[in-house]
Amino acid sequence: MLILRCPYCGICADETELTPGGEAHLTRFGPGSTDEDFEAYLFLRQNPKGVHIERWCHTCGCGKWFHAVRCTATLEIFGTYSAQNLRPPPDIIEAIKIRRPDWGGFHK
Amino acid sequence: MSERLAYGGRLIDRTCEISFTFNGREMKGYAGDTLASGLLANNQVLVGRSFKYHRPRGIVASGPEEPNALMNLGKGSTFEPNARATTTEIFDGLTARSQNHWPSLEFDVGAVNAIMPLAFPAGFYYKTFISPRAAWKHLYEPFIRKTAGLGDAPDAATRDADRYEYFYAHTDVMVVGGGIAGLAAARAAARSGVRVLVMEQSAHWGGRAPVDGASVDGKTADKWVKEGIDELSRMPNVRLRLRMMGTGIYDHGFALGYERLSDHKGAAGTLRHRLWHIRAGRIITATGAIERPLSFAGNDVPGVMLASAVRDYAVNYGVGVGKRVVVATNNDDAYRTALLLKDAKVEVPCIIDARPDPKGTLPEKARAAGIRILAGKAVSTAYGSKRLTSVGVCAQDSDGRKTAEFECDALAMSGGWSPVVHLWSHCGGKLTWDADRAMFRPDHDDLPPSGADGIGLVLAAGTADGEMRTAAVLENAHAAGLRAAGVIAFSDGAGTAAAEAPYDGPSGTDAGEAPMLPVWQMPARLSKKAMLKTWLDYQNDVKVSDVRLAAREGFESVEHTKRYTTLGMATDQGKLSNINGIAILADSLGADIPDVGTTTFRPPYQPVSMGVIAGEAHGTIFKPMRRSPMHDWIDANGGFWEPVADWRRPYCFRQPGESVRDAVTREILSVRENVGLLDASTLGKIIVKGPDAGKFLDMLYTNMMSTLKVGHCRYGLMCSENGFLSDDGVVARLDKDTFLCHTTSGGSDRIHAWMEEWLQTEWWDWKVYTVNVTEQYAQIGIVGPNARRVLEKMGTHMDLSAEALPFMAFGNGKIGGIKARLYRISFSGELSYEAAVPANQAMAFWEKALEAGVGFGITPYGTEALHVMRAEKGFIMIGDETDGTVIPQDLGLNRMISKKKDDFLGKRAQERSFMKDPNRWKLVGLETMDPQEVIPDGAYAVDGHLRHNGVRNMIGRITSTYYSPTLKRSVALGLVERGPDRMGEIITFTNPGGQEIEAKIVDPVFLDKEGARQNV
Chain U
1 MLILRCPYCG ICADETELTP GGEAHLTRFG PGSTDEDFEA YLFLRQNPKG
51 VHIERWCHTC GCGKWFHAVR CTATLEIFGT YSAQNLRPPP DIIEAIKIRR
101 PDWGGFHK
Chain S
109 MSERLAYGGR LIDRTCEISF TFNGREMKGY AGDTLASGLL ANNQVLVGRS
159 FKYHRPRGIV ASGPEEPNAL MNLGKGSTFE PNARATTTEI FDGLTARSQN
209 HWPSLEFDVG AVNAIMPLAF PAGFYYKTFI SPRAAWKHLY EPFIRKTAGL
259 GDAPDAATRD ADRYEYFYAH TDVMVVGGGI AGLAAARAAA RSGVRVLVME
309 QSAHWGGRAP VDGASVDGKT ADKWVKEGID ELSRMPNVRL RLRMMGTGIY
359 DHGFALGYER LSDHKGAAGT LRHRLWHIRA GRIITATGAI ERPLSFAGND
409 VPGVMLASAV RDYAVNYGVG VGKRVVVATN NDDAYRTALL LKDAKVEVPC
459 IIDARPDPKG TLPEKARAAG IRILAGKAVS TAYGSKRLTS VGVCAQDSDG
509 RKTAEFECDA LAMSGGWSPV VHLWSHCGGK LTWDADRAMF RPDHDDLPPS
559 GADGIGLVLA AGTADGEMRT AAVLENAHAA GLRAAGVIAF SDGAGTAAAE
609 APYDGPSGTD AGEAPMLPVW QMPARLSKKA MLKTWLDYQN DVKVSDVRLA
659 AREGFESVEH TKRYTTLGMA TDQGKLSNIN GIAILADSLG ADIPDVGTTT
709 FRPPYQPVSM GVIAGEAHGT IFKPMRRSPM HDWIDANGGF WEPVADWRRP
759 YCFRQPGESV RDAVTREILS VRENVGLLDA STLGKIIVKG PDAGKFLDML
809 YTNMMSTLKV GHCRYGLMCS ENGFLSDDGV VARLDKDTFL CHTTSGGSDR
859 IHAWMEEWLQ TEWWDWKVYT VNVTEQYAQI GIVGPNARRV LEKMGTHMDL
909 SAEALPFMAF GNGKIGGIKA RLYRISFSGE LSYEAAVPAN QAMAFWEKAL
959 EAGVGFGITP YGTEALHVMR AEKGFIMIGD ETDGTVIPQD LGLNRMISKK
1009 KDDFLGKRAQ ERSFMKDPNR WKLVGLETMD PQEVIPDGAY AVDGHLRHNG
1059 VRNMIGRITS TYYSPTLKRS VALGLVERGP DRMGEIITFT NPGGQEIEAK
1109 IVDPVFLDKE GARQNV
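Listed in order, the protein sequences are those of chains U and S. Heads up: the first sequence is residues 1 to 108, going by the working numbering. Heads up: the second sequence is residues 109 to 1124, going by the working numbering.
Calculated from the structure, these hints are not laboratory results. Please read all numbers here as calculations on a predicted model, not as lab measurements. Certain hints may be false.
Said to hold, decoys possible - Straight-line distance between alpha carbons at most 27 Å, and here's what the computed DSS-like set of lysine-lysine pairs gives:
#: 1; chain 1: U; residue 1: K64; chain 2: S; residue 2: K803
#: 2; chain 1: S; residue 1: K927; chain 2: U; residue 2: K108
#: 3; chain 1: U; residue 1: K64; chain 2: S; residue 2: K731
#: 4; chain 1: S; residue 1: K797; chain 2: S; residue 2: K817
#: 5; chain 1: S; residue 1: K538; chain 2: U; residue 2: K49
#: 6; chain 1: S; residue 1: K1007; chain 2: S; residue 2: K797
#: 7; chain 1: S; residue 1: K373; chain 2: S; residue 2: K334
#: 8; chain 1: S; residue 1: K817; chain 2: S; residue 2: K927
#: 9; chain 1: S; residue 1: K875; chain 2: U; residue 2: K64
#: 10; chain 1: S; residue 1: K473; chain 2: S; residue 2: K331
#: 11; chain 1: S; residue 1: K1007; chain 2: U; residue 2: K64
#: 12; chain 1: S; residue 1: K927; chain 2: S; residue 2: K1007
#: 13; chain 1: S; residue 1: K803; chain 2: S; residue 2: K875
#: 14; chain 1: S; residue 1: K1117; chain 2: S; residue 2: K803
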């Protein structure tokens, strides 16, 4: 059972307090988009063994959505930050690079 | 015979005698005895029958690894099956019954299976009972179920007398195992000041070291353990728990501990078990090792036991397991058993040692004690049925020709030791094969199970880490304790690193041991005939022949072999059998043991009680129930409850002597003819407020909400981003910036979360605030031709005329003196109002409405009447007409899809070609040819064709189906391929177990198509 620190209320929350929301930083494609873009937005997800940026909601706490960066192989947590970001903040990127020097970086 | 020895027994109190019964026979034991030691002290070696062959079985082990001695314990409200005799402490009045035999333990009919072992090889059931198919359900399975199974199921009507609870704990370091390794690790960690929690599954600290004669810091292990516990128990940062098992380790240092508080007292009605939910910074597994049996013919005959268990019974309980005990081994450790028995005046005819030239301290001591050592020898066969009578000896390097035979009534065997790596593995810890010691041990070169900080979370310590000598065990455990406390770094450099300090942990000495010889079967060239009698898994009756057969049949993966043969799948989860089985599989495949690998270790380490899993969550607090303000009134007035999400709603209100169906019919006719009263409080109510609220709702609903006028209502549909219907409800505009969205009863939390998700993660710059007020307001429907009259009688200054308050409008005012918001909306097709009132005044409103309605025939009605009436009107219900694959267009709701909006959730998805397929199943009404016949819910429409796989081609299905008392005929809604284009066509519906039903496709609105009833 994971523990994640909610960046809003500062609580180290048990996974039972949280709702997972899958991959973070998706771009929404609506009417007018191509079938390929829409399919990718709706269905296609990364499934890396390693660094993964994902959405969580502190459902049984402050009710806020936030992002967490987690190693899917070791479950190491590199940091959490507000969902109202279009990309991970620089200090989180730095934290990942220190622990995973061969990480490919954030691309969007 | 087995009996109490004249002296010995460090764990029993010979001054305190205890009475217990086994199969009705009264027996005596001492305080401190386990049920197993008590039975052996009373010469009860035969304790059960095996699972498949019903072979006589005796006690093999002394701890949780015991495969045979499972008991039905207690009776009535304290009854429990499958209790292990080796981990059950006796108390006065304990009753135990053996399991898995009929008619008696001594004589068992099922033992006939054992006469024909060839007839029951691996996969027997898979291979034999395949056809005819129907016979499995009606013939084979009932028979197999009757003869198979372990303990009795508890009586269904009897309730457990005891209490169970959860307990939450946080600690820096958790230590599993209270042997010398666990205590050394705990002491090292605790002295640095961190919080330490130590748990030991048995009732005693110290583990095996006191039995095996190790010494620590120049003291006996017993003395060192006592001093260590004294020190730890004085430290405020340390918690010590006996009778508490480390059950499982999960992500990020979450762990479960299973504490047994009163099992040893036998007091019913007390707090019995406690499930600790622990968050630990680091976890040390000092769980020791388990001895392996040897694989020779007849190794399951009662009296054949693990050498370590024989030693435990003598040292801990003062019990000699036999008068003449032969020892068979491939290592030095078993010599301790021989020497001990000799000291206790038990005859030891010989030690059969597979090694060609046993030297070393212990064998020399045995020689000096005059014990005969047969080097390079093996057990050819153990003879006897209900009790061992003699042991045949052959050369280990042979095909089993017997060269000698020794009379004996017990055999102590040792095939080496396997570290208990279960907990290490639960969180992904890898194992490595140590060929010298013939064991899988924790692999420190691979990634350790990691915590949130990326540093090793689980540290194996002592024997559990593969160390077998006392000095190495203590050094290893001391270092693990320091690492876990953050005093020294991990071997890979992770964690805190302080300056290199000289070793200040405990030092240990023992007799020393010469290398063991891996022996996976006895003799080396075991004959095919002997393999049929050579057991690997005692509890599930898996033999060497079964594993070899599985390998021949192509089961190369150890996971497949396990499931095919059931090796290691019994309640002991292969604690004795797994490594031996893996070695036999490897040999059969010509592979190396590490290449075959182990099966997966999963929690729990040992079975835990069902009670403790439930904890306090049973009865009324199993799941909290949501109650409307009218709940108690409904309950007292014939409410026939049904669960709706977390709520209870009345299906109908039964009057005395009335059937459910009669009640529903009465309620419907009352609403249609007079007036009904409905508790609609469970509907979700969400306020959406802010300058961008209209824009936000336009994205959420398929139709336009921003154009809704203040004071008016609009029905809306919500879809997922995938285009499918997810919820519906009426939206009211309270003022320019404020909307009140109604959701389905089950949808309020989900839809509120859906709104928040979009507002927080996609449109976070929009100025919108949402709040769920579902429980703040009750909602009461007054429905039917007399609805207006009832409200007027209740007393209100509001103008309720059709002109002042038309359909789909709402007004604010007082009704019967209670502040209310009155919506003129209808889910029944009748003149209908829904009054939203503060929840705390809802009951007063309800009673005023009932009082005012007396002269108008007012009738409270339930959900079934509601459902029938909405179906009569062709109104859809989320969850009936929709199932996550239905789009609004399928339901003929195209008018609800705004063409003016550029975007809404689901719009892009509904543009996909499949969504526009003219052959989609679409909503229609269905009338059976026989008006009295009601089509079963979910029935499929078929067109008489067969699909390529032989299944009948389905062209539709029923989504709602009722008998309509209003129309005096059945009505149904369904989704049918091109349905709206096929009006008047008659199609066929399947009807499992009955005649197929024909129905005509009609308009889904059965009653009052023009809406004359509601527009008054």
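Task: Numbers of unmet hints, in rising order - done: 2, 11, 12 and 14
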